[in-house]
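Number of protein chains: 2
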Amino acid sequence: MTRLDTDRIRAARRVIDPVFLDTPLYRCDALEPALGCAVSIKLETANPVRSFKARGTELVASRLAGTSSPAAVCASAGNLGQALAWSGRGRGLDVTVVASRFAPAAKLDRIRALDARLELVDGDFDTARERAAALARYEGIRLVEDSLDIETCEGAATIGLELVDSAPSFDAVLIALGGGALATGVGHVLKSFAPGVEVICVQPLGAPAMTRSWRQRRVVTTDSTDTIADGVAGRRPIQAVLDDLLLVADDAVLVQETSIIAGMRLLLEHAGLVVEPSAALGIAAILEDRDRFAGRHVVTIICGGNVDLPAYHRWTGAPPVHGP
Amino acid sequence: MTRLDTDRIRAARRVIDPVFLDTPLYRCDALEPALGCAVSIKLETANPVRSFKARGTELVASRLAGTSSPAAVCASAGNLGQALAWSGRGRGLDVTVVASRFAPAAKLDRIRALDARLELVDGDFDTARERAAALARYEGIRLVEDSLDIETCEGAATIGLELVDSAPSFDAVLIALGGGALATGVGHVLKSFAPGVEVICVQPLGAPAMTRSWRQRRVVTTDSTDTIADGVAGRRPIQAVLDDLLLVADDAVLVQETSIIAGMRLLLEHAGLVVEPSAALGIAAILEDRDRFAGRHVVTIICGGNVDLPAYHRWTGAPPVHGP
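From first to last, the protein sequence lines stand for chains U and W.
Each residue of the first sequence is one higher than the one before, counting from 1 in our numbering.
Each residue of the second sequence is one higher than the one before, counting from 1 in our numbering.
These are computed hints drawn from the structure, not numbers from a lab.
On a predicted model such as this, the values are computed, not experimentally measured, just so you know.
Ideal Cβ positions, reconstructed from N, Cα and C, are used throughout, including at glycine.
Please note that a few of the clues may not be correct.
Footprint (simulated), chain W over chain U, 3 or more residues, beta carbon under 8 Å [to be verified]:
1. 18-27
2. 38-48
3. 107-118
Anything over 12 Å on all C-beta distances counts as not near chain W; from chain U, calculated [as the list claims (entries may be wrong)]:
4. A134
5. D149
6. T221
Using the sequences and the hints, build the whole thing.
This is how it looks when you write it as structure tokens:
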């Protein structure tokens with residue numbers, strides 16, 4: 001049994017602002033000649049924070065809103081912080097986000113614009129996690145830990161409900177793997193209601209800690225990460241999340257940076273979607289193993305679209321946009 | 001009274017494939033500093049044909065599907081043809097699309113990929129209209145006339161229902177104006193259920209026929225068009241559509257090409273959306289008249305996202321994407 005509970009996930013739908021729910025799910029024919037399989041898009045970028053993360057922060061913020069001094073701090077690669085800032089702003093929460101100073105500027109700018117306090121650390125996401133934990137202890141406020149805190153997994157799991165409620169005709173779901181909230185949340189629901197659907201997690205070769213942990217069935221950490229997929233670049237998997245992942249994932253695969261970039265290009269050229277690298281992991285996995293997916297119907301969750309445009313243009317082949 | 005009927009529009013929702021319904025509607029804070037007003041996006045591009053046109057073609061195709069030799073022909077700037085091809089493919093319809101050979105290649109390629117017969121004419125959209133009408137007469141098949149055929153207006157009007165059902169807090173809706181199906185359909189519903197919301201149609205200065213007609217309250221044609229907004233570039237407004245537009249539009253404004261391009265850039269940079277020029281008309285209208293919208297809450301319908309990427313990159317400031 002995972003830490004997730006289906007009744008709680010269904011209840012979560014009543015708490016989350018509807019603007020984040022019932023996101024588009026559609027076959028994308030135009031991608032299929034390039035990929036050799038049927039592909040459906042589950043699009044999590046057409047909302048005020050351009051990622052799925054607000055599904056979880058809506059739960060966190062709504063529970064905190066009733067307390068006497070509502071405040072929260074989180075470490076974030078950028079999307080969780082933006083989502084927590086959004087959810088907190090509407091509920092009078094005092095939100096602090098700790099992020100790496102190497103996080104995409106677009107994400108950091110949006111966090112500031114949403115009135116959160118932003119603290120930058122000289123280090124990566126796991127450095128930010130330590131700092132956020134210290135801040136929470138010192139200030140006595142709620143620490144929101146992505147993937148460990150059950151709300152972050154339950155929020156992500158509501159995507160799974162939407163997939164199974166669509167009367168799925170698909171054979172596999174490709175899920176970006178970072179801390180594991182998305183994979184364990186969606187995976188839990190799929191295994192409960194559509195056990196025949198393959199749950200495939202995808203992580204960059206340059207940030208393989210959770211995938212290695214899943215394969216070895218124990219937490220494996222790495223000393224560093226090296227990937228453009230900033231949203232999934234963690235070094236220290238959480239045991240409780242790994243335990244859940246072992247129960248719901250059918251596979252975890254690692255993909256190369258060049259495949260992530262090719263995936264971003266395909267999504268731009270054939271689907272008209274601007275996605276961040278983490279959101280192209282599923283397409284990257286198909287590109288690296290066409291035989292596996294040939295003739296099958298695959299869903300890929302487009303989990304975020306927050307990019308620095310100059311980097312995005314570099315990746316997709318065009319130089320930075322200049323002013324008018 | 002317009003030609004539209006609210007009961008028929010509500011009934012249309014039960015016929016249209018749900019993949020085209022209940023599209024995202026969300027406040028886009030990130031756009032607001034650049035525009036000086038509150039902006040909500042109604043996003044019609046996250047579906048298999050990347051435009052709102054399938055709402056109408058679903059109605060056309062479902063009615064034709066029961067007939068003895070189901071076939072249809074339409075003239076299209078690209079999006080209607082793609083939508084009719086999609087709706088027809090799923091229902092065994094024989095679809096012919098007549099388009100200008102100057103239509104975006106991406107749109108023409110998608111029409112072909114959806115198994116429609118594509119006939120190109122040496123001329124513009126209105127030349128294609130004549131040819132489609134001739135084909136329909138010659139072959140004795142259904143001619144689908146955008147904006148004139150009530151299904152195309154009713155399909156578009158379902159967007160209006162979604163706007164008013166969202167318990168609108170907005171003051172104005174900005175609607176791309178071409179043939180008029182979108183404007184009359186959405187406008188009819190807004191005037192019926194949210195009469196205080198201003199209905200503002202936006203057309204390019206380079207294709208002003210319908211706006212001039214609306215202002216003069218009679219059909220005014222032009223000899224040519226000169227705009228990158230291919231989706232709204234008609235020269236010959238239809239009297240019956242103009243009659244409806246006169247009843248539901250509060251204003252019709254014309255915008256410059258540079259504003260359309262600036263709008264596309266803003267939507268890319270601050271909303272992460274790749275849109276075709278017609279879909280940037282609303283943002284262009286705000287840019288050209290900030291005082292009018294200052295402090296108000298405006299909805300803009302992002303009606304389509306089918307672009308030729310080389311042209312799109314040229315407009316938004318970056319050169320064409322090159323292969324890996």
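Checklist entry - Would you say D149(U) is clear of chain W, with no C-beta pair closer than or equal to 12 Å? => result 25 Å, holds
Next on the checklist: Minimum C-beta separation from A134(U) to chain W exceeding 12 Å: can you confirm that?
Outcome noted: A134(U) clear of chain W: closest Cβ-Cβ about 30 Å, beyond 12 Å.
Next on the checklist: For the segment 38-48 of chain U, count the residues whose Cβ lies under 8 Å from any Cβ of chain W; is that count three or more?
Outcome noted: holds (count 6)
Next on the checklist: Closer than 8 Å Cβ to Cβ for three or more residues is the test here. Does the segment 18-27 of chain U pass it with chain W?
Outcome noted: holds (count 7)
Checklist entry - T221(U) clear of chain W by more than 12 Å, beta carbon to beta carbon? => result 33 Å, holds
Checklist entry - Holds or violated: the segment 107-118 of chain U covered by chain W, criterion of 3 or more residues with Cβ-Cβ distance under 8 Å? => result Holds: 3 residues of the segment 107-118 of chain U have a Cβ under 8 Å from chain W.
Hint violations for this structure: none, all hints satisfied.
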